[in-house]
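As you go down the protein sequences, you meet chains F and A in turn. Counting in my numbering, the first sequence runs from 427 upward without gaps. Counting in my numbering, the second sequence runs from 164 upward without gaps.
Hints are computed from structural coordinates only; laboratory data are not their basis. A couple of the hints might just be wrong.
To be verified - Residues from chain A that face chain F, not an exhaustive set, calculated with beta carbons under 8 angstroms:
#1 237
#2 294
#3 614
Every residue, glycine too, gets a C-beta built ideally from N, C-alpha and C.
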Amino acid sequence: MNAPRIGAALAVAAALLSGPIAAADAPTPGRDPVLSALEAELARSVERLRLDGVERPYFISHTVTDTNVRRVEATFGAVVRSTVEKSRRLRTDVRVGSYDVDSSEFLAGRSPYERFDAFPRMLVTDDDEMAIRHEVWLATDEAYKAAAERLERKKAVLANRVEKDPVPDFSRERPFVSLAPRRAAPEPGEWPERVKRLSAIFRELPDVQESSLVLTIASVNRTFVNSEGTRVRVPSARWSIEVQASTQAEDGAPLKRVLSFHEVEPSRLPTEAVLGAAIRKMAAELSALRVAPVLESYTGPVLFADEAAPTLFADLFAPQLSGRRPPLTARPATGGAEQGSDLAGRLGRLVLPVFLGVVDDPTLASDGGRTLLGSYDVDDEGVPPGR
Amino acid sequence: MKRAGLVLFLSLPLTPCAGAAPVPKGPVLEALEKGVARSFRLLKEKGDPAPYFLSYHVTESEETSLSASRGAVRRDATYRTRLLDIDVRVGGYDLDSSRRLRGGGYASNRVRPVSLPLEDDPVALEASLWLETDRRYRSAVERLQQVKADVAVKAAADDASADFSQEAPAKLVEPLPLSGVLPAGSAEKLKALSAVFEREGAVLDSEAALSVKTTRKSFASSEGASVQHGDVTWRLTPFATTRADDGMDLYRFESFTARTPEGLPDEATLRKTAESMTADLVALRAAPVLDPYTGPAVLSGKAAGVFFHEIFGHRIEGHRQKDETDGQTFTKMVGQRVLPEFLTVYDDPTQKVSGSTDLNGFYLVDDEGVAARRTTVVDKGILKGFLMSRTPVAGFAKSNGHGRGQPGMRPVGRQGNLVIEAAASVPNAKLREMLVEECRRQGKPFGLYFADISGGFTFTGRYLPQAFKVVPIMVYRVYADGRPDELVRGADLIGTPLVAFSRIVAAGDEGGIINGYCGAESGTVPVSAVAPSLLTSQIEVQKKAKSSERPPILPPPAAEVKP
């Protein structure tokens, strides 16, 4: 097992870093206390974090997600709830072992909550570098001890098991540096009032029993650093309007319709008039549904039109494509919930009709003028995506 | 079951001025009264079977909370909710749709609350009321069928009391409090306070939190109840943790409440508190671990308050006496001795203060619209009664105003201000001497003094042992040979209720007050307990579970940065 020491990787990183940071940081005066705090603790841990008699970590990463979410919910022309939530969460990944076999992807089967134990840690929301460092320090220490213990258990299980075709636990990636300036939370402007007015439309529609409009303005600054030298800071924003209305059919069956608009900036949201028309159309559909005949069980041809076709693919096919393999478990019986993909082992074989091809392209920002929310410049492990 | 005994909470109803003009009803109460009248009339006309009772209860909560850690803001959050609880009952007072199905396993008290518009818009309010009433009514009708079938099929219940008590409708309209607002500069003061913990390197996590919560309640029923009241609570809570070298997690937690921001301790006092908490942590890290022990002990007033709240208070909640899955420790003991003769216990939600301390469990009308009453549960050691909601139990047909619950939970009998009084007491110094004598008599080298307890829990169900555990924070060994007291760590106080109470031998003349939040099947409610310090001839402590983690490997970042 050759575990490369992270010290060497960090030297490479430092060389890569010197240029881009200064340039990208230009719009934000002064240093970014989040990035500085993460780098300072990363450097300290790489250099000195080690328990006696235990391997030192070969990889450390920190992700800090700064979120500001404003939500306004309105019903029948009145605001029901209005909140602003600010949070800063830290996720720390400490890996002991090597790229081939490390402390990840292992469930000891000791607790049913094991796989959820990586809850993010809530950090101070102030830009106080030392206060942030203090919590990063505690998180790193905890993660390292847990990783070291997990690797020992994992090795014990591996020693008794023959792996068919061993795949490394972690891929080697080139360090990536991209530091876009931090962005402040946007002002809501006229939108809360508009949403309130739009929700009043339902007062004129007696067929609708319950309805709500929710405006969500979320702005996020994500900072990612790892011991391989990757440094990423990505600002993003999401403006959403979600409309919900429900009623009951004559036979008592509950009926519900939802309508949602998601954009990355407010100027791209539909105008109030367009939204109003969409809401009225939705309510008309709901009224029509109330008296529509009930479809008895049916077998036969179906046309998936408009949003139904992408939904069909997204729900049924796409989950099979994600590259996650089931973690190693100490007791295989408990691994039932972590089933692998049905497509595993079918590489190079026919899985869809010959006239269909499927690609996933996170670099595509829009399609026919519509914003594609699944687009990103760098993924959550600090790796730039490819088509 | 109760959690975190020391989280303070304070209730403040604005006192109506004597002789002043009557307080006007707020728009919410107006809407509720109209809504109850309209819905009840409609369902009476059209519903089959018609409901016999309908109530609307609206709880409006507004809270701003701020917390800081190591000189930086950690949380700054504000929320505002207006939640509606509806109780619609079909059948009659004797047998109705609310009756628990027997043998149906775990029955949840959770009923989804309805979010009402925050604005006082009568159209929007009324629309929400009627829709939900209709839905609840339908499920109540269905439920009554099941109840009737259940009664017909199963063996007769031990307790044949009615399902709902008949009460005089409460009429109390008080002015609704204005929203509490954190004064300018709060964040700076909090940051400064939180920075006190930063000076001690052994402190791992630490925080100072400040919050102000405004609650406004409105209640209207088909019986004619009409209630409007509210309170404002200011709360300040410093908190710090450390870890001993053997991996034991240790913490200190203090809390202060007041009706006004001025009522909170001043900055100098708070700083001193934070400093002494830090000193306690340093002392606790170095303190020896207490091995499992049985022997005599003194509980400070605060510790005795938590002890009684957990172990006694939860067992005298009325609804438990009817629940056939409950352990029912005291159900058949009315009129019998359950405590030493010198102790009397009552619960009085109408008591606003004890000494100069505001009591958290204060309220005038409970969450079922019944006026709160002082209720003696134990008189000179003899069990007299229970804390009753409108769910009668055998021998107790009426509520005494203890029906409480958080929005979305069906109210049950709960504690308000539990007061333990001793008819005979000795000075606290004498209590200590008695502890030493008791040690000598039992041949024990030392007894224990429980200065502070954080909270605990108890099992009242029938399928688990009737055990309790309370978690002390500051415990001292008091030596029989006159050595100075010694702080110890790692002891949880355990036992079973009937044995524990039979061992209480004396009470001190100085007591303590616990203001906290209590969590049980009807949710979280503010409570208080007032108790004298107590000497017990035997308690049992077990070893506390400890994490196997060692203290952090690297020194804290602050220790490495040269100023």
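Tested hints:
no.	hint	in the structure
1	237	holds, 5 angstroms
2	294	holds, 6 angstroms
3	614	violated, 29 angstroms
The structure shown violates just one earlier hint, number 3.
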